[in-house]
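Each chain is listed here by its residues.
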Amino acid sequence: MRDASALVLLVAGAAFVGAGTVGLFRFPDVLSRLHALAKADNLGFGLIVAGLVVRADSPATAVKLVLIWLLVLLASTTSAYLIAHRALHRDGGA
Amino acid sequence: MVVAILVWLAAWALFTGRVFRSGVLFIAFGLTMAIAWVRLGAPDIALAEAAIGAGVIGVSILHAAVQMADRERREQRARPDGPPVEARTTVPPRWSRLRGRTLASLVAAGALGGILVGAVWRLPEAPAGLGPLVDARLSESGASHPVTAVLLNFRAYDTWLEIGVLLLTALAALAVRRETDLRTAIRSAGGDPLVASFTGQAVPVVILTGVLLLSVGTFGPGGAFQAGAMLGALGVLLYLAGHRAVTAIPGTTLRLWLMLGIVAFLIAAVAPLPAGDPLLRIPSGRATATILAIEVAVTASIALTLALLFVTAIPPRDPPMPPGRSDRA
Chain A
1 MRDASALVLL
11 VAGAAFVGAG
21 TVGLFRFPDV
31 LSRLHALAKA
41 DNLGFGLIVA
51 GLVVRADSPA
61 TAVKLVLIWL
71 LVLLASTTSA
81 YLIAHRALHR
91 DGGA
Chain B
1 MVVAILVWLA
11 AWALFTGRVF
21 RSGVLFIAFG
31 LTMAIAWVRL
41 GAPDIALAEA
51 AIGAGVIGVS
61 ILHAAVQMAD
71 RERREQRARP
81 DGPPVEARTT
91 VPPRWSRLRG
101 RTLASLVAAG
111 ALGGILVGAV
121 WRLPEAPAGL
131 GPLVDARLSE
141 SGASHPVTAV
151 LLNFRAYDTW
161 LEIGVLLLTA
171 LAALAVRRET
181 DLRTAIRSAG
191 GDPLVASFTG
201 QAVPVVILTG
211 VLLLSVGTFG
221 PGGAFQAGAM
231 LGALGVLLYL
241 AGHRAVTAIP
251 GTTLRLWLML
261 GIVAFLIAAV
271 APLPAGDPLL
281 RIPSGRATAT
291 ILAIEVAVTA
301 SIALTLALLF
311 VTAIPPRDPP
321 MPPGRSDRA
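So the protein lines, in turn, are chains A and B.
So the first sequence is numbered by my numbering: it starts at 1 and just counts up by one.
So the second sequence is numbered by my numbering: it starts at 1 and just counts up by one.
Each hint should be verified, as a subset may be incorrect.
[Unchecked claim] Pairwise CB distance ranges (calculated): (1) Ser197/B to Phe27/A: 27 to 35 Å; (2) Phe15/B to Asp57/A: 41 to 49 Å; (3) Asp57/A to Val120/B: 32 to 40 Å; (4) Phe25/A to Glu140/B: 52 to 60 Å; (5) Thr61/A to Pro278/B: 26 to 34 Å; (6) Phe27/A to Phe15/B: 53 to 61 Å; (7) Asp29/A to Val211/B: 12 to 20 Å; (8) Ala56/A to Ala136/B: 44 to 52 Å; (9) Ala4/B to Leu82/A: 30 to 38 Å; (10) Ala245/B to Leu71/A: 19 to 27 Å; (11) Gly164/B to Val63/A: 19 to 27 Å.
FYI, nobody ran anything at the bench for these hints, they're computed from the structure.
It should be emphasised that the depicted structure is a prediction, and the values quoted were computed from it without experimental measurement.
The C-beta atom is built at its ideal place from N, Cα and C for all residues, glycine as well.
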């Protein structure tokens, strides 16, 4: 039961990350690509972490996984913002 | 499959047209390499690869690419009638220009790779190698993790020389900059609130992780190099956020700090001599304390070296502030 739900979560996570990557390749400009990545990849990553937490062999590992998830959220939001900021301003000629 | 991905990423990174793209692919390559190391059962190297290879060096490449692009854009705007300047950031894909030299080096690399693979394939089934020897003496080494025991006790001399090499690298980086006063390298923060808050939240976490890696190194994967890489990345982050943490270090302190690692080893090496023991003999009674002390010093030196490599190698985007103008804010 635990492994089954973990499998579902992991596969769903991988599907979302895959969708984000497709968006990366297919969207025409930086901002929409960022949009695809920020939304889909973060969700996919969250699902993958959830699947791993379900399979974790000790509460300490589960807590570490959640911390990693939070850190990745923090870092990816900041970098997405910075990329978008620079893309906007660069095209504005700044 | 990991090997296939590695080769594909490497080829893509080398033959793609844009420097920035090469940098991103290099980071992806470094992370995949870290996975490969984990698969090979070497988490210590995986940690170091991810932190130094993908992290610090990858960021350096991206930073350089962005600097190049910015400079080209500035030049382009200064000469709007000139020829389009894309040329320098773009490296033309070399498939169409495969000259004799490139082909020859490809063939040579392939031959070398083939020889290596053949040699490893035909290795005789070695009896477990040095593993049992290390395990037998692990208890007197002062560390319960065999990698740390080997690095910092059984083969401490090699690590000592590695730290020496790192010191030389730092000196080379400073020489490129032609000065040891880093205060001209200060860049303005830009005042971006998100960057400030991110840095504020990330810094304590990174410091904690670095210290954790350092202390875990005694009995698990981790150790001085990994912790040093994390703290070096922290220095890079602070520099990029416009903080003065790395650049405000005065020249003398900078030099002393860089030398901490090698000096710690020197002390540990020379200490046994008066008692008639050979060089660098670590007494098993105080082994753990000695190793930990050396590791702390080494971590500090590595962290500063890595941060320095980033700060000094690339001229700042903003015009440098003259050293006379003191920022005694």
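Each hint tested on the structure:
1. Ser197/B to Phe27/A: 27 to 35 Å: holds (28 Å)
2. Phe15/B to Asp57/A: 41 to 49 Å: At 43 Å between Cβs, range holds.
3. Asp57/A to Val120/B: 32 to 40 Å: At 34 Å between Cβs, range holds.
4. Phe25/A to Glu140/B: 52 to 60 Å: Holds, at about 56 Å.
5. Thr61/A to Pro278/B: 26 to 34 Å: violated (44 Å)
6. Phe27/A to Phe15/B: 53 to 61 Å: violated (24 Å)
7. Asp29/A to Val211/B: 12 to 20 Å: violated (42 Å)
8. Ala56/A to Ala136/B: 44 to 52 Å: Because 35 Å falls outside the window, the suggested range is violated.
9. Ala4/B to Leu82/A: 30 to 38 Å: Since Ala4/B and Leu82/A have Cβ atoms about 33 Å apart, the given range 30 to 38 Å holds.
10. Ala245/B to Leu71/A: 19 to 27 Å: holds (21 Å)
11. Gly164/B to Val63/A: 19 to 27 Å: violated (40 Å)
Checked against the numbered hints above, the structure breaks hints 5, 6, 7, 8, 11 and satisfies the rest.
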